[in-house]
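Next come the chains, spelled out residue by residue.
Number of protein chains: 2
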Amino acid sequence: MPNTPEVSSLTLNRLSIYLRSLRQLEEERVATISSQELAHRFHLSATQIRKDLAQFGEFGIRGVGYDVAQLALRLSRLLGLERRHAIVICGIGNLGRALAEYWGFNHGPFAVVAGVDQDPRKIGKRVGTFVIAAPDEIERLVRETGAEIGVLTVPPSAARESYLALVDAGIRAVLNFTLQRLEPRPGVRVKNVDLRINLEELAFHLGG
Amino acid sequence: MPNTPEVSSLTLNRLSIYLRSLRQLEEERVATISSQELAHRFHLSATQIRKDLAQFGEFGIRGVGYDVAQLALRLSRLLGLERRHAIVICGIGNLGRALAEYWGFNHGPFAVVAGVDQDPRKIGKRVGTFVIAAPDEIERLVRETGAEIGVLTVPPSAARESYLALVDAGIRAVLNFTLQRLEPRPGVRVKNVDLRINLEELAFHLGG
Chain W
1 MPNTPEVSSL TLNRLSIYLR SLRQLEEERV ATISSQELAH RFHLSATQIR
51 KDLAQFGEFG IRGVGYDVAQ LALRLSRLLG LERRHAIVIC GIGNLGRALA
101 EYWGFNHGPF AVVAGVDQDP RKIGKRVGTF VIAAPDEIER LVRETGAEIG
151 VLTVPPSAAR ESYLALVDAG IRAVLNFTLQ RLEPRPGVRV KNVDLRINLE
201 ELAFHLGG
Chain R
1 MPNTPEVSSL TLNRLSIYLR SLRQLEEERV ATISSQELAH RFHLSATQIR
51 KDLAQFGEFG IRGVGYDVAQ LALRLSRLLG LERRHAIVIC GIGNLGRALA
101 EYWGFNHGPF AVVAGVDQDP RKIGKRVGTF VIAAPDEIER LVRETGAEIG
151 VLTVPPSAAR ESYLALVDAG IRAVLNFTLQ RLEPRPGVRV KNVDLRINLE
201 ELAFHLGG
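The listed protein sequences correspond, in order, to chains W and R. Okay, so the first sequence: first residue is 1 according to our numbering, each after it adds one. Okay, so the second sequence: first residue is 1 according to our numbering, each after it adds one.
Derived from the structure by calculation, the hints contain no laboratory data. Here the structure is a predicted model, which is why all the values come from computation and not from measurement. We treat Cβ as the ideally placed atom computed from N, Cα and C, and that holds for glycine. Careful: at least some of the hints might be erroneous.
Stated by the list, open to error - Straight-line alpha carbon distances no greater than 30 Å define the calculated BS3-like cross-link-like pairs of lysine-lysine that follow:
| id | chain 1 | residue 1 | chain 2 | residue 2 |
| --- | --- | --- | --- | --- |
| 1 | R | Lys-191 | W | Lys-51 |
| 2 | R | Lys-191 | W | Lys-191 |
| 3 | W | Lys-122 | R | Lys-125 |
| 4 | W | Lys-191 | W | Lys-122 |
Stated by the list, open to error - Calculated Cβ distances over 10 Å to all of chain R for the following chain W residues:
| id | residue |
| --- | --- |
| 5 | Ala-39 |
| 6 | Glu-58 |
| 7 | Ala-98 |
| 8 | Glu-101 |
| 9 | Arg-143 |
| 10 | Arg-196 |
| 11 | Leu-199 |
Claimed, not checked - Here chain W is said to cover these stretches of chain R; the calculated rule only asks that three of the stretch's residues, wherever they fall, bring their Cβ under 8 Å from a Cβ of chain W:
| id | segment |
| --- | --- |
| 12 | 84-98 |
| 13 | 101-115 |
| 14 | 179-187 |
| 15 | 190-204 |
Please model the complete structure; the sequences and the hints are all you need to start from.
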């Protein structure tokens with residue numbers, strides 16, 4: 001991991017949101033913006049913006065605000081988005097297939113370049129931009145495609161085995177949709193995605 | 001919306017995480033826990049836990065900590081999880097189908113009870129626990145099933161129309177996977193889900 005000061009998930013997710021807001025401002029040809037305006041426009045907190053950015057150096061100019069294009073570029077570099085990150089998907093069920101073709105996973109620095117499934121009826125079939133391979137091909141696929149991110153969309157019972165296969169193949173970043181906890185491995189970053197948390201947020205607003 | 005003090009998404013998502021941690025402690029038959037222990041055990045912040053809970057009343061006992069079962073129940077009530085919330089899905093492509101059968105959407109208070117798609121070849125086919133209906137059936141489906149949450153997994157070009165159909169049918173909480181911004185409607189809560197943010201977090205750790 002070349003670039004790992006301890007920055008929390010929450011901070012990183014806010015930086016992503018700032019970057020998206022700045023991209024929208026760039027499209028609208030806004031050249032500079034203050035933290036207050038940025039906060040107001042995108043329903044963020046100005047104090048939080050200043051605090052988050054302060055962790056990574058000096059960004060704004062007092063009394064003028066941020067240079068939109070420059071801040072977008074610096075955040076993009078900081079987030080590691082100025083170079084390609086190829087993705088391999090383990091498990092081409094409905095969710096794996098949806099992610100293989102998902103705009104957000106095939107845009108900018110990201111591209112889904114390979115996928116494996118243990119179902120012999122699926123192997124050899126085309127999904128998105130690749131042909132589904134057998135699980136024992138993972139190491140070759142990672143080597144040949146330079147994939148760095150593994151996505152786990154296998155059934156929960158296969159989560160651990162697929163995870164270890166990804167790690168053995170040299171994958172150092174794993175997006176885990178299986179709801180199974182995976183054991184930490186040195187140098188490997190696992191991000192667990194639990195889509196239910198979004199429903200719980202909506203449930204709060206619907207009332208008890 | 002019966003229950004809407006202004007609580008941020010981030011706070012609500014943390015409450016969900018606390019609740020999951022408490023459920024795990026319940027399974028391990030832990031009866032009481034301090035905010036420090038809770039924080040340490042689940043990689044959270046003790047200060048943040050105390051601050052978040054303080055917004056909603058008095059939970060812990062000084063010197064003893066939290067009663068695990070009681071705090072879990074109170075958080076569950078607070079989040080509106082002590083009663084059923086039925087879900088209708090608009091758009092039964094790969095993602096819609098995956099979510100219809102997703103454990104997290106069919107567990108505890110949540111159940112996917114209906115789904116619509118405009119493809120005549122899909123209408124009448126069974127997915128999860130329901131049969132796919134035509135989009136013009138939404139109002140009847142919502143009325144008959146008591147669905148309160150709508151999930152948008154249609155193509156981006158159909159997002160607005162499907163959203164308005166959900167709102168017209170009486171849906172007040174929408175989970176939007178389309179990456180299209182939806183116009184606010186009075187009394188309707190929209191939660192936009194952008195799965196790419198998880199990749200951006202991993203990209204940071206992979207370095208630029």
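Results of checking the hints against the structure:
With a C-alpha separation of about 26 Å, the suggested pairing of Lys-191(R) with Lys-51(W) holds against the 30 Å cut-off. Using a Cα cut-off of 30 Å, the hinted pair Lys-191(R) and Lys-191(W) holds, with the two alpha carbons roughly 21 Å apart. Distance hint between Lys-122(W) and Lys-125(R) is fulfilled; the C-alpha atoms sit about 22 Å from each other, no more than 30 Å. Note on Lys-191(W) and Lys-122(W): the hinted pairing holds, with a Cα-Cα distance of about 27 Å set against a maximum of 30 Å.
No beta-carbon of chain R comes within 10 Å of the beta-carbon of Ala-39(W); the shortest separation is about 13 Å. For Glu-58(W), the shortest C-beta to C-beta distance to chain R comes to about 19 Å, beyond the 10 Å cut-off, and the non-interface label holds. With a minimum CB-CB distance of about 4 Å to chain R, Ala-98(W) fails to clear the 10 Å threshold, and the non-interface call is violated. At roughly 7 Å, the least C-beta separation between Glu-101(W) and chain R is not larger than 10 Å, which violates its mark as non-interface.
With a minimum CB-CB distance of about 17 Å to chain R, Arg-143(W) clears the 10 Å threshold, and the non-interface call stands. Its beta-carbon lying about 3 Å from the closest one in chain R, Arg-196(W) breaks the requirement of being farther than 10 Å from that chain. The non-interface label for Leu-199(W) is inconsistent with chain R: the shortest C-beta to C-beta separation is roughly 6 Å, within 10 Å. Beta-carbon proximity to chain W at under 8 Å applies to 7 residues in the segment 84-98 of chain R; the threshold of 3 is reached and the given coverage holds.
Coverage of a stretch by a chain is defined here by at least three residues with a beta carbon nearer than 8 Å to that chain's beta carbons; for the segment 101-115 of chain R and chain W the count is 8, and the condition holds. With 1 residues having a beta carbon nearer than 8 Å to a beta carbon of chain W, the segment 179-187 of chain R misses the requirement of three or more and the stated coverage is violated. For the segment 190-204 of chain R, the stated coverage by chain W holds: 13 residues have a C-beta nearer than 8 Å to a C-beta of that chain, and at least 3 were required.
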